[in-house]
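All chains should be built: construct the whole structure from the sequences, respecting the hints.
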Amino acid sequence: MRSLLKLGRKARKEQGQLGGWQFDALDETRPGRVMPGLPPELWVEILTMASEATEKGGSIVSYSLVSKAWNAYSQPALYHTIHITKSAQAKALALTLLCHVCSQGGGTSGSGRHIRYLTLATASYDRCDPSDILVIFQNATHLVGLYDWSSIRCPLLDQYSDSRTTPENLFALLLKSGTLTSLTWTSYPHLTHPLPISPLDAGFRQLITLHIYLPVDTDSDYSLINPFSLPLLNRLTLTLFDPIVSNKGYSSPPDKLLGLLSTWNLPALRILTINTPYTLHDTAESRLGEAFWEFFAAHGQQLAVLEFGRSNRGAYSVPYSKDVQEMEDRWIDGQVKDVNADPDAFVVIEPPSPSTFKFPVSLAALTPNLRTFICSASLAGDHTQLEWGLEWDWTHPDWLAPHPLLPAHPNITMIGIRDLGERVRADWEANDESFFTLYHQLSSLLLPFSSTTESSSTESTALDRDNIPFPNLKYIRDLDPDSDLLRRGVRHLGKVSSQEQTAPAARTTESFRRWRWRWRRSAPPLSTSTQNATPHISHSTLLGLWSRVLSRTRGGEVWLEDWRGWNLTRGNLERWARGV
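The opening position of the sequence shown corresponds to residue 3 in this note's numbering, with each subsequent residue numbered one higher.
Bear in mind the hints are in silico, worked out from the structure with no lab data behind them. Keep in mind that a hint or two might mislead.
Claimed, not checked - Cβ pair distances, simulated, as ranges:
#1 ARG577 / CYS101: 20 to 30 Å
#2 ARG572 / SER364: 18 to 28 Å
#3 ILE351 / ARG577: 40 to 50 Å
#4 HIS442 / PRO157: 43 to 53 Å
#5 GLU328 / VAL63: 38 to 48 Å
#6 SER184 / ASN569: 26 to 36 Å
#7 GLU328 / ARG580: 46 to 56 Å
#8 ALA94 / PRO473: 50 to 60 Å
#9 PRO345 / LYS476: 47 to 57 Å
#10 ASN73 / GLY546: 54 to 64 Å
#11 CYS104 / ASN569: 52 to 62 Å
#12 TYR127 / PRO269: 35 to 45 Å
Claimed, not checked - Straight line, CA to CA, 30 Å or less: simulated DSS-like cross-link-like pairs of lysine-lysine:
#13 LYS93 / LYS70
#14 LYS70 / LYS258
#15 LYS178 / LYS93
#16 LYS178 / LYS258
#17 LYS88 / LYS178
Note that beta-carbon positions come from the ideal geometry of N, C-alpha and C, so glycine has one too.
Shown next, in the form of structure tokens:
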């Protein structure tokens with residue numbers, strides 16, 4: 003026995019001398035444990051992938067507490083993506099970064115150099131201190147994405163204790179590194195400069211994704227902003243909303259802002275999203291300004307994906323999970339790649355001169371390369387809150403889907419619809435021939451402009467394609483996970499409780515004492531949620547709606563899809579009706 007132990011000790015000693023294994027001298031918990039002699043870069047990747055594979059984000063925190071070596075290896079994964087929801091978390095992060103810099107003698111930026119994505123999403127009454135944000139920006143020298151959702155405190159009287167914490171200086175510091183490619187920035191209505199940017203900011207030209215979260219304020223002087231050239235910008239999102247006082251009715255149509263953006267040079271723009279508290283349309287009573295059409299005349303021919311969305315959610319809405327958003331981004335990027343892959347099919351139109359440009363014009367004529375259009379079926383708000391009467395929704399029987407500004411288009415191949423779950427819940431609550439209006443709204447995507455009855459659905463497929471609003475339409479995708487769960491019978495029609503919002507499609511994040519890290523998770527299989535689902539009286543009515551819509555798909559020429567891209571077929575409807 004002693005000889006065997008001696009041989010074992012001798013073998014381990016020789017193994018350590020050969021370099022195959024090394025003792026972890028920094029491991030205080032298990033000083034005799036052997037560690038494979040791998041480069042530090044591989045350890046960083048191993049710990050990163052191990053933390054992503056687990057469902058709970060706290061695993062990377064546990065890894066960092068194993069030893070000093072593991073703490074150093076886990077820093078890139080620990081600080082890679084930070085999600086701040088409270089001002090105290092921002093203050094704790096700023097203090098931590100300062101302590102790291104002081105402990106290292108100030109020679110490096112400490113752990114802040116590992117920060118790649120930073121999200122600021124606090125409540126309106128708990129915004130972050132600008133001095134804390136200044137410290138974070140100073141240390142996050144390699145920041146790739148910043149997402150500010152109205153979460154930085156902005157004094158109403160412009161009285162800053164430190165001149166470096168003004169929006170202009172914070173923005174300049176943010177762009178100084180030149181590594182930023184994705185930006186969501188919030189401005190405020192009382193600022194002199196609505197956008198604290200300058201054409202001299204070289205880092206601004208590296209942006210690929212830009213989301214401007216702006217109040218629609220008539221007092222903002224957009225003439226102070228010079229035209230920009232963003233050669234790499236691929237996605238532009240405009241969310242027009244008042245971050246201080248919401249839904250108070252003094253917002254105006256985004257004429258000045260769109261007039262400014264029409265002068266920008268955006269050669270790579272392919273994806274445009276406009277989110278407003280109301281839905282834009284152009285009528286005799288409430289006419290859009292000339293700048294709206296000037297913007298599409300300047301940039302419309304480059305667009306492959308266009309979305310008119312809503313910046314506020316209704317009482318029936320369910321938040322999207324991170325997995326849903328990632329999947330949506332993938333297929334949207336696929337639409338853009340299809341347009342870029344076939345340059346011969348790219349239609350080039352000559353922008354009309356300002357002297358001959360007449361308003362309004364056809365939006366379809368200004369967007370000849372549009373392939374995907376995304377709209378919202380959400381509920382309308384209170385009309386008394388808006389002075390210009392721009393509110394619009396799918397409940398009006400005289401308006402065709404998907405949107406009054408785009409009732410037809412010759413080249414669109416996919417239409418995405420958001421908030422269908424909210425729509426069907428409201429129609430069921432109304433209890434007035436459930437889903438009658440929604441059925442005709444969905445059918446208007448498929449049928450000619452002339453009215454037809456269900457008995458003539460077979461004859462409508464043989465009509466001239468010039469009479470069909472979207473002759474090249476191939477896919478109608480329901481982008482609402484809640485609507486998918488309603489079809490499967492997992493959820494029942496009615497308002498969604500707080501417990502139902504957490505699974506399986508609602509946003510879930512692990513809370514920690516200081517700040518939150520967001521992790522890549524796979525959505526749980528729906529089969530686990532449908533095993534004990536109890537059929538509801540409204541389920542058969544809802545399945546009947548989709549069965550009727552399937553009968554109007556031009557003989558199977560158009561595919562109905564859920565948010566994953568899975569086809570909706572009669573076989574699926576029959577299985578869900580049986581509770582399978």
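Verification of the supplied hints:
1. Restraint check, ARG577 to CYS101: a C-beta distance of roughly 58 Å breaks the suggested window 20 to 30 Å.
2. ARG572 and SER364 have their C-beta atoms about 37 Å apart, which leaves the hinted 18 to 28 Å range violated.
3. A beta carbon spacing of about 47 Å between ILE351 and ARG577 agrees with the range 40 to 50 Å that was offered as a hint.
4. For the pair HIS442 and PRO157, the beta carbons lie near 51 Å from each other, so the given range of 43 to 53 Å is met.
5. At about 23 Å, the CB distance of GLU328 to VAL63 disagrees with the hint of 38 to 48 Å.
6. Restraint check, SER184 to ASN569: a C-beta distance of roughly 32 Å satisfies the suggested window 26 to 36 Å.
7. Hint check: GLU328 to ARG580, Cβ distance near 32 Å, so the stated range 46 to 56 Å is violated.
8. The given range of 50 to 60 Å is respected by ALA94 and PRO473, whose C-beta atoms sit roughly 57 Å from each other.
9. The hinted range of 47 to 57 Å is not satisfied by PRO345 and LYS476, whose Cβ atoms lie roughly 21 Å apart.
10. Our hint of 54 to 64 Å for ASN73 and GLY546 holds, since their Cβ atoms are close to 59 Å apart.
11. The hint said 52 to 62 Å for the Cβ distance between CYS104 and ASN569, and at roughly 59 Å that hint holds.
12. One distance hint, 35 to 45 Å for the beta-carbon pair TYR127 and PRO269, holds here, with the actual separation near 42 Å.
13. Only pairs whose Cα atoms come within 30 Å are accepted, and LYS93 paired with LYS70 is accepted, the gap being roughly 25 Å.
14. Only pairs whose Cα atoms come within 30 Å are accepted, and LYS70 paired with LYS258 is rejected, the gap being roughly 55 Å.
15. At roughly 22 Å between alpha-carbon atoms, LYS178 and LYS93 fall within 30 Å of each other, so this suggested pair holds.
16. Simply put, LYS178 and LYS258 have alpha-carbon atoms about 28 Å apart, close enough for the 30 Å limit, and the pair holds.
17. Among the hinted pairs, LYS88 with LYS178 is consistent with the structure: their alpha-carbon atoms are about 26 Å apart, no more than 30 Å.
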